[in-house]
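Asks: Please work from the sequences and hints to get the whole structure.
Numbering of the sequence shown is given in our numbering, commencing with residue 1 and proceeding in unit increments.
It is possible that part of the hints are untrue.
Stated by the list, open to error - Beta-carbon label-pair distances, calculated as ranges: (1) R247 with P162: 24 to 30 Å; (2) E141 with A333: 30 to 36 Å; (3) G159 with E379: 14 to 20 Å; (4) P36 with L183: 26 to 32 Å.
Just so you know, these hints were derived from the structure itself, not from any lab. Positions of the beta carbon are idealized from the N, C-alpha and C atoms, including for glycine.
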Amino acid sequence: MLAVAAPASAAGTTPGLDRSVADAGTAPVPPAEPKPQVDGVSELNVLAFNLWHGGTRIDDGAEEIADVLRETDADVTFMPEQGDAPAQVAALLGYDHVIATDTGIVSRYPILETDTVDRWWTKAVLDVNGTEVVAYGGHLEYRWYATYLPRGYGGAVLGDWPDGWDTWDRLPGGPVTDVDAILEANRQSGRPATAAALVEDVAAERAAGRIAVVGGDFNEPSVQDWTEATADLQDHNGLVIPWQSTRTLLDGGLVDAYREVHPDPVANPGVTWPSDNPLFPTSELTWAPGADERDRIDYVFVTPDERISIDAASVVGPQSTIVRNERVDDDSADQILTPDAVWPSDHKAVLASFSVCADGCAPAAPAWAAASTYGADDEVSYAGSTWRAAWWTRGQEPGAPYGPWQEIAERDGVAQWTASRIFEAGEVAVHDGTTYVARWWTRNQVPGDPWGPWRPQQ
1 MLAVAAPASA AGTTPGLDRS VADAGTAPVP PAEPKPQVDG VSELNVLAFN LWHGGTRIDD
61 GAEEIADVLR ETDADVTFMP EQGDAPAQVA ALLGYDHVIA TDTGIVSRYP ILETDTVDRW
121 WTKAVLDVNG TEVVAYGGHL EYRWYATYLP RGYGGAVLGD WPDGWDTWDR LPGGPVTDVD
181 AILEANRQSG RPATAAALVE DVAAERAAGR IAVVGGDFNE PSVQDWTEAT ADLQDHNGLV
241 IPWQSTRTLL DGGLVDAYRE VHPDPVANPG VTWPSDNPLF PTSELTWAPG ADERDRIDYV
301 FVTPDERISI DAASVVGPQS TIVRNERVDD DSADQILTPD AVWPSDHKAV LASFSVCADG
361 CAPAAPAWAA ASTYGADDEV SYAGSTWRAA WWTRGQEPGA PYGPWQEIAE RDGVAQWTAS
421 RIFEAGEVAV HDGTTYVARW WTRNQVPGDP WGPWRPQQ
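Replies: Now the structure itself:
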(Lines of atoms letter the chains of each structure in order from A and count residues from 1; the text may use other names and numbers.)
(Lines give C-alpha, C1' and ligand atoms only; values in the text may rest on other atoms or scores of the structure.)
Protein backbone atom coordinates (compact mmCIF):
# COMPACT_ATOMS: atom_id res chain seq x y z
CA MET A 1 0.00 0.00 0.00
CA LEU A 2 1.25 3.47 -0.85
CA ALA A 3 1.00 6.39 1.53
CA VAL A 4 -2.12 8.52 1.14
CA ALA A 5 -2.93 12.05 2.20
CA ALA A 6 -5.55 13.84 4.18
CA PRO A 7 -8.73 15.50 2.95
CA ALA A 8 -8.81 19.25 3.49
CA SER A 9 -11.61 21.17 5.15
CA ALA A 10 -14.43 22.43 2.94
CA ALA A 11 -13.53 26.08 3.46
CA GLY A 12 -13.65 28.04 0.23
CA THR A 13 -15.74 25.44 -1.60
CA THR A 14 -17.96 26.80 -4.35
CA PRO A 15 -21.68 26.05 -3.79
CA GLY A 16 -22.95 23.30 -6.06
CA LEU A 17 -19.69 21.37 -6.19
CA ASP A 18 -20.03 17.96 -4.53
CA ARG A 19 -17.19 17.06 -2.19
CA SER A 20 -19.17 14.56 -0.11
CA VAL A 21 -18.01 11.02 0.56
CA ALA A 22 -20.19 8.53 -1.28
CA ASP A 23 -20.81 4.94 -0.20
CA ALA A 24 -17.85 3.00 -1.56
CA GLY A 25 -18.96 -0.25 0.01
CA THR A 26 -16.59 0.18 2.93
CA ALA A 27 -15.97 2.70 5.69
CA PRO A 28 -13.77 5.65 4.68
CA VAL A 29 -10.19 5.27 5.80
CA PRO A 30 -8.82 7.91 8.17
CA PRO A 31 -7.20 10.88 6.47
CA ALA A 32 -3.47 10.33 6.15
CA GLU A 33 -0.67 12.86 5.91
CA PRO A 34 0.35 14.54 2.64
CA LYS A 35 3.68 13.54 1.17
CA PRO A 36 6.39 15.42 3.08
CA GLN A 37 8.86 17.78 1.51
CA VAL A 38 12.38 16.41 1.10
CA ASP A 39 15.00 19.18 1.07
CA GLY A 40 12.30 21.66 0.08
CA VAL A 41 11.00 19.50 -2.80
CA SER A 42 7.51 17.95 -2.99
CA GLU A 43 6.68 15.12 -5.36
CA LEU A 44 3.58 15.71 -7.49
CA ASN A 45 2.41 12.84 -9.70
CA VAL A 46 -0.53 13.81 -11.92
CA LEU A 47 -2.75 11.22 -13.61
CA ALA A 48 -5.34 11.91 -16.35
CA PHE A 49 -7.63 8.87 -16.23
CA ASN A 50 -10.90 8.52 -18.17
CA LEU A 51 -13.04 6.20 -16.03
CA TRP A 52 -15.49 4.95 -18.70
CA HIS A 53 -18.86 5.47 -17.08
CA GLY A 54 -17.37 6.05 -13.66
CA GLY A 55 -15.74 2.63 -13.48
CA THR A 56 -19.13 0.89 -13.60
CA ARG A 57 -18.27 -1.27 -16.63
CA ILE A 58 -16.32 -3.66 -14.37
CA ASP A 59 -16.98 -5.28 -11.01
CA ASP A 60 -15.72 -3.35 -7.97
CA GLY A 61 -14.78 -0.43 -10.20
CA ALA A 62 -14.03 2.03 -7.40
CA GLU A 63 -11.70 -0.43 -5.68
CA GLU A 64 -9.85 -1.16 -8.94
CA ILE A 65 -9.51 2.56 -9.69
CA ALA A 66 -8.16 3.12 -6.18
CA ASP A 67 -5.62 0.36 -6.80
CA VAL A 68 -4.48 2.08 -10.01
CA LEU A 69 -3.91 5.27 -8.02
CA ARG A 70 -1.93 3.33 -5.42
CA GLU A 71 0.20 1.57 -8.03
CA THR A 72 0.97 4.75 -9.96
CA ASP A 73 1.48 6.74 -6.74
CA ALA A 74 -0.81 9.42 -8.19
CA ASP A 75 -1.12 12.55 -6.06
CA VAL A 76 -3.67 14.32 -8.26
CA THR A 77 -6.02 12.43 -10.58
CA PHE A 78 -8.28 13.99 -13.19
CA MET A 79 -11.29 11.70 -13.71
CA PRO A 80 -13.33 12.33 -16.88
CA GLU A 81 -16.55 10.29 -17.08
CA GLN A 82 -16.52 10.46 -13.30
CA GLY A 83 -19.90 9.15 -12.10
CA ASP A 84 -19.67 8.63 -8.34
CA ALA A 85 -16.11 7.35 -8.54
CA PRO A 86 -14.25 10.43 -7.21
CA ALA A 87 -16.14 10.31 -3.92
CA GLN A 88 -15.87 6.53 -3.68
CA VAL A 89 -12.15 6.46 -4.45
CA ALA A 90 -11.48 9.35 -2.08
CA ALA A 91 -13.26 7.42 0.67
CA LEU A 92 -11.12 4.35 0.01
CA LEU A 93 -7.83 6.26 0.00
CA GLY A 94 -8.44 9.07 2.47
CA TYR A 95 -7.92 11.69 -0.25
CA ASP A 96 -9.68 14.96 -0.87
CA HIS A 97 -11.91 15.31 -3.92
CA VAL A 98 -14.25 17.55 -5.89
CA ILE A 99 -17.02 16.57 -8.31
CA ALA A 100 -18.14 19.07 -10.96
CA THR A 101 -18.74 19.22 -14.72
CA ASP A 102 -18.01 15.69 -15.98
CA THR A 103 -14.53 15.55 -14.47
CA GLY A 104 -13.75 14.87 -10.84
CA ILE A 105 -10.46 15.64 -9.16
CA VAL A 106 -9.06 13.39 -6.43
CA SER A 107 -6.07 14.78 -4.53
CA ARG A 108 -3.64 13.46 -1.97
CA TYR A 109 -2.87 17.11 -1.17
CA PRO A 110 -5.52 19.28 0.52
CA ILE A 111 -8.00 21.14 -1.67
CA LEU A 112 -8.33 24.77 -0.55
CA GLU A 113 -10.81 26.17 -3.08
CA THR A 114 -12.96 24.87 -5.93
CA ASP A 115 -14.69 26.38 -8.95
CA THR A 116 -15.57 25.67 -12.57
CA VAL A 117 -14.43 27.33 -15.81
CA ASP A 118 -16.75 27.57 -18.83
CA ARG A 119 -18.75 24.52 -17.65
CA TRP A 120 -16.18 22.11 -19.12
CA TRP A 121 -13.44 22.46 -16.51
CA THR A 122 -13.39 21.51 -12.82
CA LYS A 123 -10.97 23.69 -10.87
CA ALA A 124 -9.31 23.03 -7.52
CA VAL A 125 -6.61 24.95 -5.68
CA LEU A 126 -4.25 22.53 -3.93
CA ASP A 127 -1.88 23.10 -1.03
CA VAL A 128 1.31 21.27 -1.99
CA ASN A 129 3.24 21.74 1.24
CA GLY A 130 2.74 25.49 1.16
CA THR A 131 2.88 26.01 -2.61
CA GLU A 132 -0.51 26.65 -4.19
CA VAL A 133 -1.11 24.66 -7.37
CA VAL A 134 -4.30 25.14 -9.39
CA ALA A 135 -5.58 21.93 -10.97
CA TYR A 136 -7.99 22.04 -13.92
CA GLY A 137 -9.63 18.81 -15.07
CA GLY A 138 -11.69 18.60 -18.26
CA HIS A 139 -13.74 16.23 -20.38
CA LEU A 140 -14.43 18.14 -23.57
CA GLU A 141 -17.23 17.65 -26.12
CA TYR A 142 -17.04 14.18 -27.68
CA ARG A 143 -19.13 14.97 -30.75
CA TRP A 144 -17.73 16.85 -33.74
CA TYR A 145 -14.92 14.28 -33.40
CA ALA A 146 -13.20 15.66 -36.46
CA THR A 147 -10.18 13.37 -36.23
CA TYR A 148 -12.36 10.61 -37.75
CA LEU A 149 -13.02 12.58 -40.95
CA PRO A 150 -9.61 11.95 -42.60
CA ARG A 151 -10.04 8.30 -41.61
CA GLY A 152 -13.24 8.02 -43.61
CA TYR A 153 -15.69 8.04 -40.71
CA GLY A 154 -18.23 10.56 -39.49
CA GLY A 155 -17.56 11.91 -36.03
CA ALA A 156 -21.08 13.07 -35.12
CA VAL A 157 -20.26 16.37 -36.84
CA LEU A 158 -23.62 18.10 -36.61
CA GLY A 159 -24.74 20.97 -38.82
CA ASP A 160 -24.69 21.78 -42.52
CA TRP A 161 -22.15 19.21 -43.65
CA PRO A 162 -22.04 16.46 -46.30
CA ASP A 163 -23.98 13.24 -45.86
CA GLY A 164 -22.70 10.96 -43.14
CA TRP A 165 -20.68 13.52 -41.20
CA ASP A 166 -23.35 13.58 -38.47
CA THR A 167 -23.04 9.82 -37.87
CA TRP A 168 -20.34 7.52 -36.53
CA ASP A 169 -20.47 5.44 -39.72
CA ARG A 170 -18.21 5.14 -42.75
CA LEU A 171 -18.48 8.21 -44.96
CA PRO A 172 -20.07 7.52 -48.35
CA GLY A 173 -17.57 9.91 -49.95
CA GLY A 174 -14.54 8.35 -48.28
CA PRO A 175 -11.85 10.13 -46.23
CA VAL A 176 -11.97 13.92 -45.95
CA THR A 177 -8.69 15.63 -46.89
CA ASP A 178 -9.82 19.27 -46.78
CA VAL A 179 -7.91 20.53 -43.73
CA ASP A 180 -9.89 23.79 -43.58
CA ALA A 181 -13.17 21.86 -43.44
CA ILE A 182 -11.81 19.52 -40.78
CA LEU A 183 -10.67 22.46 -38.65
CA GLU A 184 -14.00 24.24 -39.06
CA ALA A 185 -15.85 21.10 -37.95
CA ASN A 186 -13.51 20.86 -35.00
CA ARG A 187 -14.06 24.54 -34.13
CA GLN A 188 -17.81 23.98 -34.05
CA SER A 189 -17.32 21.44 -31.25
CA GLY A 190 -16.59 24.32 -28.88
CA ARG A 191 -13.40 22.67 -27.72
CA PRO A 192 -11.08 25.43 -28.99
CA ALA A 193 -13.30 28.07 -27.39
CA THR A 194 -13.26 26.38 -24.00
CA ALA A 195 -9.49 25.95 -24.30
CA ALA A 196 -9.27 29.72 -24.77
CA ALA A 197 -11.43 30.28 -21.68
CA LEU A 198 -9.14 27.99 -19.72
CA VAL A 199 -6.03 29.86 -20.87
CA GLU A 200 -7.58 33.13 -19.70
CA ASP A 201 -8.27 31.70 -16.23
CA VAL A 202 -4.80 30.15 -16.04
CA ALA A 203 -3.26 33.52 -16.87
CA ALA A 204 -5.10 35.12 -13.96
CA GLU A 205 -3.93 32.40 -11.58
CA ARG A 206 -0.33 32.72 -12.77
CA ALA A 207 -0.53 36.47 -12.18
CA ALA A 208 -1.66 35.66 -8.63
CA GLY A 209 1.49 33.57 -8.13
CA ARG A 210 0.07 30.08 -8.55
CA ILE A 211 1.33 27.15 -10.61
CA ALA A 212 -1.26 25.46 -12.85
CA VAL A 213 -1.65 21.87 -14.03
CA VAL A 214 -4.29 20.90 -16.59
CA GLY A 215 -5.42 17.42 -17.53
CA GLY A 216 -8.17 15.24 -18.86
CA ASP A 217 -9.78 13.84 -21.99
CA PHE A 218 -9.84 16.54 -24.69
CA ASN A 219 -11.47 14.36 -27.38
CA GLU A 220 -9.08 16.00 -29.83
CA PRO A 221 -5.55 15.15 -31.02
CA SER A 222 -2.52 17.35 -30.54
CA VAL A 223 -1.04 19.83 -32.96
CA GLN A 224 2.29 18.30 -31.96
CA ASP A 225 1.22 14.85 -33.17
CA TRP A 226 -0.31 15.48 -36.62
CA THR A 227 2.90 16.66 -38.27
CA GLU A 228 4.82 16.08 -41.49
CA ALA A 229 6.63 13.23 -39.76
CA THR A 230 3.37 11.43 -38.91
CA ALA A 231 1.38 12.32 -42.04
CA ASP A 232 1.48 8.76 -43.37
CA LEU A 233 0.92 7.02 -40.04
CA GLN A 234 -2.25 5.94 -38.21
CA ASP A 235 -4.51 6.82 -41.16
CA HIS A 236 -3.61 10.52 -41.08
CA ASN A 237 -4.04 10.23 -44.85
CA GLY A 238 -1.11 12.50 -45.65
CA LEU A 239 -2.48 15.41 -43.64
CA VAL A 240 -0.80 17.87 -41.30
CA ILE A 241 -3.51 19.32 -39.05
CA PRO A 242 -2.91 22.13 -36.53
CA TRP A 243 -5.58 21.02 -34.04
CA GLN A 244 -6.78 24.18 -32.33
CA SER A 245 -7.31 23.24 -28.68
CA THR A 246 -3.78 22.08 -27.94
CA ARG A 247 -2.45 24.91 -30.11
CA THR A 248 -4.37 27.36 -27.89
CA LEU A 249 -2.90 25.90 -24.71
CA LEU A 250 0.63 25.93 -26.11
CA ASP A 251 0.23 29.50 -27.37
CA GLY A 252 -1.08 30.38 -23.92
CA GLY A 253 2.22 29.34 -22.38
CA LEU A 254 1.37 25.84 -21.15
CA VAL A 255 3.61 22.83 -21.75
CA ASP A 256 2.40 19.36 -22.77
CA ALA A 257 4.25 17.22 -20.22
CA TYR A 258 4.23 14.03 -22.28
CA ARG A 259 5.45 15.69 -25.46
CA GLU A 260 8.06 17.67 -23.51
CA VAL A 261 9.58 14.44 -22.18
CA HIS A 262 9.02 12.51 -25.43
CA PRO A 263 9.36 15.06 -28.26
CA ASP A 264 9.21 12.58 -31.16
CA PRO A 265 5.59 11.68 -32.06
CA VAL A 266 6.80 8.88 -34.35
CA ALA A 267 8.87 7.04 -31.75
CA ASN A 268 6.58 7.95 -28.85
CA PRO A 269 3.03 8.48 -30.12
CA GLY A 270 1.67 8.17 -26.58
CA VAL A 271 -1.63 6.72 -27.81
CA THR A 272 -4.42 6.85 -25.23
CA TRP A 273 -7.42 6.06 -27.48
CA PRO A 274 -8.54 3.45 -28.13
CA SER A 275 -7.15 1.15 -25.48
CA ASP A 276 -7.48 -2.57 -25.44
CA ASN A 277 -9.35 -4.04 -22.50
CA PRO A 278 -9.35 -7.86 -22.36
CA LEU A 279 -12.69 -7.92 -20.53
CA PHE A 280 -14.56 -6.57 -23.54
CA PRO A 281 -14.98 -7.48 -27.21
CA THR A 282 -13.26 -5.14 -29.64
CA SER A 283 -16.66 -4.00 -30.88
CA GLU A 284 -17.11 -2.17 -27.57
CA LEU A 285 -13.67 -0.56 -27.74
CA THR A 286 -13.64 0.96 -31.23
CA TRP A 287 -15.88 3.54 -32.89
CA ALA A 288 -14.19 3.35 -36.30
CA PRO A 289 -13.67 -0.39 -36.78
CA GLY A 290 -12.32 -0.14 -40.31
CA ALA A 291 -9.70 2.50 -39.51
CA ASP A 292 -6.52 3.02 -37.56
CA GLU A 293 -8.07 5.52 -35.15
CA ARG A 294 -5.21 5.65 -32.65
CA ASP A 295 -4.62 9.09 -31.16
CA ARG A 296 -3.31 10.79 -28.06
CA ILE A 297 -6.35 12.63 -26.72
CA ASP A 298 -5.67 12.49 -22.95
CA TYR A 299 -3.19 15.03 -21.61
CA VAL A 300 -1.39 16.66 -18.70
CA PHE A 301 -0.21 20.25 -19.22
CA VAL A 302 1.69 22.51 -16.83
CA THR A 303 2.65 26.16 -16.68
CA PRO A 304 6.40 26.82 -16.83
CA ASP A 305 7.56 28.06 -13.45
CA GLU A 306 10.89 28.00 -11.63
CA ARG A 307 9.12 26.21 -8.76
CA ILE A 308 8.14 23.13 -10.79
CA SER A 309 10.05 20.71 -13.01
CA ILE A 310 8.85 17.91 -15.27
CA ASP A 311 10.60 14.71 -14.19
CA ALA A 312 8.91 11.97 -16.23
CA ALA A 313 5.83 11.09 -18.25
CA SER A 314 4.37 7.75 -19.30
CA VAL A 315 1.25 6.03 -20.55
CA VAL A 316 -0.69 3.81 -18.12
CA GLY A 317 -2.85 0.86 -19.09
CA PRO A 318 -2.81 -2.37 -21.12
CA GLN A 319 0.12 -3.04 -23.42
CA SER A 320 -2.15 -3.47 -26.44
CA THR A 321 -4.50 -1.27 -28.44
CA ILE A 322 -7.14 -1.66 -31.15
CA VAL A 323 -6.39 -1.20 -34.87
CA ARG A 324 -9.08 -1.95 -37.49
CA ASN A 325 -11.10 -3.85 -34.90
CA GLU A 326 -8.14 -6.10 -33.99
CA ARG A 327 -6.14 -6.27 -30.77
CA VAL A 328 -2.58 -5.16 -31.53
CA ASP A 329 0.44 -5.10 -29.24
CA ASP A 330 2.04 -1.67 -28.91
CA ASP A 331 5.28 -1.59 -30.89
CA SER A 332 6.35 1.98 -30.12
CA ALA A 333 9.10 3.20 -27.82
CA ASP A 334 6.47 4.37 -25.33
CA GLN A 335 6.85 3.28 -21.73
CA ILE A 336 3.45 1.82 -20.84
CA LEU A 337 2.93 1.13 -17.15
CA THR A 338 0.46 -1.71 -16.70
CA PRO A 339 -1.04 -1.94 -13.20
CA ASP A 340 -1.92 -5.24 -11.58
CA ALA A 341 -5.40 -3.79 -10.95
CA VAL A 342 -8.20 -4.73 -13.34
CA TRP A 343 -8.23 -2.02 -16.00
CA PRO A 344 -11.61 -0.22 -15.89
CA SER A 345 -11.40 1.94 -19.02
CA ASP A 346 -11.49 2.04 -22.81
CA HIS A 347 -8.77 4.71 -22.66
CA LYS A 348 -5.21 4.54 -21.48
CA ALA A 349 -4.23 7.09 -18.86
CA VAL A 350 -1.28 9.46 -18.89
CA LEU A 351 0.96 9.99 -15.86
CA ALA A 352 3.24 13.00 -15.45
CA SER A 353 5.67 13.34 -12.54
CA PHE A 354 6.72 16.75 -11.27
CA SER A 355 8.88 18.20 -8.52
CA VAL A 356 7.50 21.25 -6.73
CA CYS A 357 10.40 23.19 -5.24
CA ALA A 358 9.67 25.73 -2.52
CA ASP A 359 12.83 27.71 -3.28
CA GLY A 360 12.95 27.05 -7.01
CA CYS A 361 14.01 23.99 -8.97
CA ALA A 362 17.31 23.81 -10.80
CA PRO A 363 16.83 24.94 -14.41
CA ALA A 364 16.20 22.04 -16.77
CA ALA A 365 18.72 21.27 -19.46
CA PRO A 366 17.57 21.99 -23.03
CA ALA A 367 15.97 19.14 -24.95
CA TRP A 368 18.31 17.03 -27.10
CA ALA A 369 18.07 17.86 -30.81
CA ALA A 370 19.42 15.58 -33.53
CA ALA A 371 20.63 18.51 -35.65
CA SER A 372 22.55 20.23 -32.84
CA THR A 373 26.27 19.89 -32.17
CA TYR A 374 27.37 19.26 -28.57
CA GLY A 375 30.77 19.50 -26.94
CA ALA A 376 32.12 17.61 -23.94
CA ASP A 377 30.20 18.42 -20.71
CA ASP A 378 27.18 19.91 -22.53
CA GLU A 379 23.94 18.76 -20.90
CA VAL A 380 20.56 17.98 -22.47
CA SER A 381 17.18 16.60 -21.42
CA TYR A 382 15.97 13.43 -23.10
CA ALA A 383 13.25 10.91 -22.17
CA GLY A 384 12.84 12.48 -18.75
CA SER A 385 16.54 12.32 -17.80
CA THR A 386 19.54 14.64 -17.89
CA TRP A 387 22.46 13.59 -20.11
CA ARG A 388 26.01 14.97 -20.25
CA ALA A 389 28.20 14.67 -23.34
CA ALA A 390 31.45 12.77 -22.78
CA TRP A 391 32.89 14.07 -26.05
CA TRP A 392 31.88 15.95 -29.20
CA THR A 393 28.69 14.54 -30.72
CA ARG A 394 26.00 15.24 -33.25
CA GLY A 395 22.97 13.18 -34.24
CA GLN A 396 23.71 10.45 -31.68
CA GLU A 397 20.66 9.80 -29.56
CA PRO A 398 21.20 9.50 -25.78
CA GLY A 399 20.72 6.06 -24.30
CA ALA A 400 23.52 3.77 -25.49
CA PRO A 401 25.65 2.63 -22.51
CA TYR A 402 28.91 3.17 -24.42
CA GLY A 403 27.80 6.14 -26.53
CA PRO A 404 28.73 9.82 -26.18
CA TRP A 405 26.02 10.57 -23.61
CA GLN A 406 26.14 9.89 -19.87
CA GLU A 407 22.87 9.79 -17.93
CA ILE A 408 23.31 12.04 -14.88
CA ALA A 409 21.16 11.29 -11.85
CA GLU A 410 21.73 12.65 -8.37
CA ARG A 411 19.80 12.57 -5.11
CA ASP A 412 20.67 14.86 -2.21
CA GLY A 413 23.89 15.73 -3.99
CA VAL A 414 25.04 12.10 -4.34
CA ALA A 415 25.44 10.43 -7.73
CA GLN A 416 23.08 7.56 -8.53
CA TRP A 417 24.67 4.80 -10.60
CA THR A 418 23.54 4.72 -14.24
CA ALA A 419 24.87 2.37 -16.90
CA SER A 420 26.10 5.09 -19.26
CA ARG A 421 27.84 7.29 -16.68
CA ILE A 422 31.63 7.23 -16.45
CA PHE A 423 33.04 6.97 -12.93
CA GLU A 424 36.70 7.54 -12.09
CA ALA A 425 38.60 5.79 -9.29
CA GLY A 426 37.48 7.08 -5.90
CA GLU A 427 34.12 8.44 -7.07
CA VAL A 428 30.99 7.50 -5.13
CA ALA A 429 27.63 6.27 -6.44
CA VAL A 430 24.46 4.83 -4.92
CA HIS A 431 22.82 1.71 -6.37
CA ASP A 432 19.81 -0.12 -4.89
CA GLY A 433 20.21 1.81 -1.64
CA THR A 434 23.90 0.95 -1.13
CA THR A 435 26.74 3.45 -1.49
CA TYR A 436 29.75 2.26 -3.48
CA VAL A 437 33.23 3.62 -4.23
CA ALA A 438 34.85 3.01 -7.63
CA ARG A 439 38.15 1.11 -7.42
CA TRP A 440 39.10 2.17 -10.94
CA TRP A 441 37.62 3.75 -14.08
CA THR A 442 34.32 2.09 -14.90
CA ARG A 443 31.31 2.33 -17.13
CA ASN A 444 28.29 0.04 -17.53
CA GLN A 445 29.46 -2.32 -14.75
CA VAL A 446 26.72 -2.81 -12.19
CA PRO A 447 27.80 -2.43 -8.55
CA GLY A 448 27.55 -5.58 -6.43
CA ASP A 449 30.11 -7.91 -8.00
CA PRO A 450 32.80 -8.46 -5.29
CA TRP A 451 35.44 -8.84 -8.04
CA GLY A 452 34.22 -5.86 -10.02
CA PRO A 453 35.18 -2.17 -9.99
CA TRP A 454 32.91 -1.23 -7.07
CA ARG A 455 33.35 -1.76 -3.32
CA PRO A 456 30.78 -0.85 -0.67
CA GLN A 457 31.64 2.34 1.16
CA GLN A 458 32.77 1.68 4.72
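Asks: Look at each hint and say if it fits the structure.
Replies: Here is how each hint holds up against the structure:
Take R247 and P162: their Cβ atoms lie about 25 Å apart, and the range 24 to 30 Å holds. Range check, E141 to A333: Cβ separation about 32 Å, and the 30 to 36 Å hint holds. The hinted range of 14 to 20 Å is not satisfied by G159 and E379, whose Cβ atoms lie roughly 51 Å apart. Between P36 and L183, the C-beta spacing of about 47 Å breaks the proposed range 26 to 32 Å.
Comparing the model with each earlier hint shows violations of hints 3 and 4; every other hint is respected.
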